[in-house]
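Novice: Once you've looked at the hints, dock chain B against the given chain A.
Listed in order, the protein sequences are those of chains A and B.
Heads up, the first sequence is in the numbering used here, so the first residue is 1 and it goes up one at a time.
Heads up, the second sequence is in the numbering used here, so the first residue is 1 and it goes up one at a time.
Heads up, a few of these hints could be off.
[As the list claims (entries may be wrong)] Stretch-level coverage of chain A by chain B, calculated; a stretch enters the list once three of its residues show a Cβ under 8 Å from a Cβ in chain B: (1) 126-136; (2) 223-234.
[Unchecked claim] A few chain A residues facing chain B, derived, Cβ under 7 Å: (3) F35; (4) S116; (5) P123; (6) M147; (7) D156; (8) W192.
These are computed hints drawn from the structure, not numbers from a lab.
Bear in mind the structure is a predicted one, so any value in this text is a computation, not a measurement.
Using N, Cα and C, we set each Cβ at its ideal position, and we do this for glycine too.
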Amino acid sequence: MNAAILGIGCVSPLGGDWKTVWESLSAGRRPETTFLSGPPGHPAHPAYRVPPPFEFHHPRLRRASAISHFACAAASAAVAESGPLPAGRTALVVAASDGAVTYTRRFYEEVVKSGSGSPLLFPETVYNASASHVAAMFGIDGHVLTMVGDATAGTDALSTAGELLRSGEADRCLVVASEEADWILCDGCRRWRLAASDSTSRSGAILSEGAVAMVLGAASPGDIGFETVHPGRALQSGSRGCLEKIYRGLVGDRPPDAAVLSASGAFPGIAEESVLVKLFPGIRLDAPKKLSGEAFAVSTLLQCACAWQEIRDGRARRVLVSVLGWSGQAGGAVLTASAPEG
Amino acid sequence: MSNSVSRPSARCLPAITGLGCVSPLGCGLPATRGALREGKDGISDVRLFPVSGFRSKTAGQVEDCLLKDPQGTRAANLILPAVREALAFRPGFLPEFVVVGTTSGGIDFGENFLRGLSSGMVPRDARRWVRGYALQQPVLHVMEELGFDAPVRVVSNACASGTNALCLAAGLVRGGAARRVMAIGFDALSELIFAGFDTLQASTEEKCRPFDSRRSGLALGEGAACFLLEDFSGVPEEGILATVPGWGLANDNHHLTQPNPDGSGPRLSMQRALADAGWDTVDYINAHGTGTAFNDASEAAAIRSVCPSVPVSSTKGMTGHALGAAGAIEAAFCILALEGGFLPPNINLRASDSGLDIVANVARPARIRRAMSNSFGFGGANATVLLEGCL
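If we strip away everything but chain A, and leave its shape as in the complex, we get:
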């Protein structure tokens, strides 16, 4: 196994911890829909929000964006489960797709309207702001990286973490994904025909927010973790053939028992199910994002957490996680349990 999952933390519209989120997903519950208002004359857009006010208390977060609060809360829960991070031997890899989009929008709106923006907003617009806060919270002073992309930023972060562990540059790696929903993000995705116009729409996803964190480390007997990770690559033309190649490369000769799909209702997920069924007839498929909504890299880590739970609960032994990003990238992971002792 490449890396075992030693702790999971989660902040989601479905709940403030992984156990609650998993129970909600298992029960088929969706979060409550919130409609985000935009400028006058523009439609409101549906989204799944972490119930406000959400605040993780830490001196670093006094003026921080929502994604930084989500990231710190999820990271804190994951570390509480895994045990203390080894000083000087821990890496942090944060995955993000849109960063602090609310602060970015507000800052640029101020610039457009008045010619200058608030110096309090600008620092949080950098993509690595969340990573900076998480690193400061845990005193991580070595590899602190922020990987950005579509949903495959999540697999890329996991892949990077695996490389840091394998190379001996770190003994533990804290992987965190965090996103926040904002009207402008929903509006952009709606214009791209990826986001749904309302919560009952059968076409398009509902955008979501929150954070998932995982502590990764060397596997002990019986630990559950990542056997392989594909960081993601562009599908471009011939997407079905490329997807097949990615899935075959991930699972090797042994078909998985189950797959956790990235399907969230938007068109990039259409090919996924048919390719998997063709490759692995009879495979059990789960699509948690149809309930939890689309939160890009966060959703990728959420899918991995679902796979971890399936194995932990004895419902599967080897689970494929399929990740299709909205900018045409695809990746994935295979999770399994390491051999028990003896």
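Specialist: Positioned in the frame of chain A, the structure of chain B alone reads:
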């Protein structure tokens, strides 16, 4: 380029076998080399957006006539010639991985979208703008244009991103995860970021003067640099431009936008790089040197404690600060310095308060073998890469 490289130890040594560079100093290596030698000032009045409301009015800009692709973002237009130039060194090079450092991706598309919404209009090009805004999209666009495909890894560690990308790419080669990797650092000048540095009062109203006792702040810049990396042992010596023997990362956990004044983050980053390569010192340091009081003081303190007598220059007085591209562009400058036998100048210097051997105002002839490039960013992100030339 001449070649006589010391053979590495057992582990893979990442070798740079292709290089391309686009910056305010010029498009391509010949123009860049000449501009570096003559200490060209690449800073000019901002043309891309109105700056009447800002304190600062200047930036390092790449000449528009060099940017050709009307479908791409400005960022894609910066990346394309850099990648083309790098690939010309190794025709047929197909990367197994593309590692990218940037802070803002296709930000001009995002700005267009928000400006459109703010004006009450439904932007006609909204879908293209939204899609093009994503950080990875300019690189995906260039890859499609040039007809190659590989996993794209985007690291966004503020102003350390370009160096991070080069280090991550080198790490993939050294760790045996890939044999051929492309590293790209890029960022395009944008109104949002220009306004951001202006509101922080970090940008200068006159010239950018790194390490000058009366410095007044940074000038922003833009550009792209591209590196092809391969395992040293698999490349003919005449195809090697430089090697990447080591690198170091450090996070100083002090403040979101300010470095620790004691220079502990930069110091740790440089020490880790030297330890990684097994070196005691280097022959030249291309400093992060933004020309802001906090950064210059912190970095100078770190250099004084790690490599006190090594010649240092910041090239940002010539180019401006290209953010996510800066580390990549400055690593390219180091390779040109190693190959060309000169130290690039730290222009606009009147009197330095750094206590360092600054290469003041004019390039210095020097046969050097080992160079260090520093990049430090918001969030306490510090990265140092070492480059060894082929004397």
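Novice: All hints, please: hold or fail.
Specialist: Going through the hints against the structure:
no., hint, result
1, 126-136, "holds (count 9)"
2, 223-234, "holds (count 5)"
3, F35, "violated (17 Å)"
4, S116, "holds (6 Å)"
5, P123, "holds (5 Å)"
6, M147, "holds (6 Å)"
7, D156, "holds (5 Å)"
8, W192, "holds (5 Å)"
Checked against the numbered hints given earlier, this structure breaks only hint 3.
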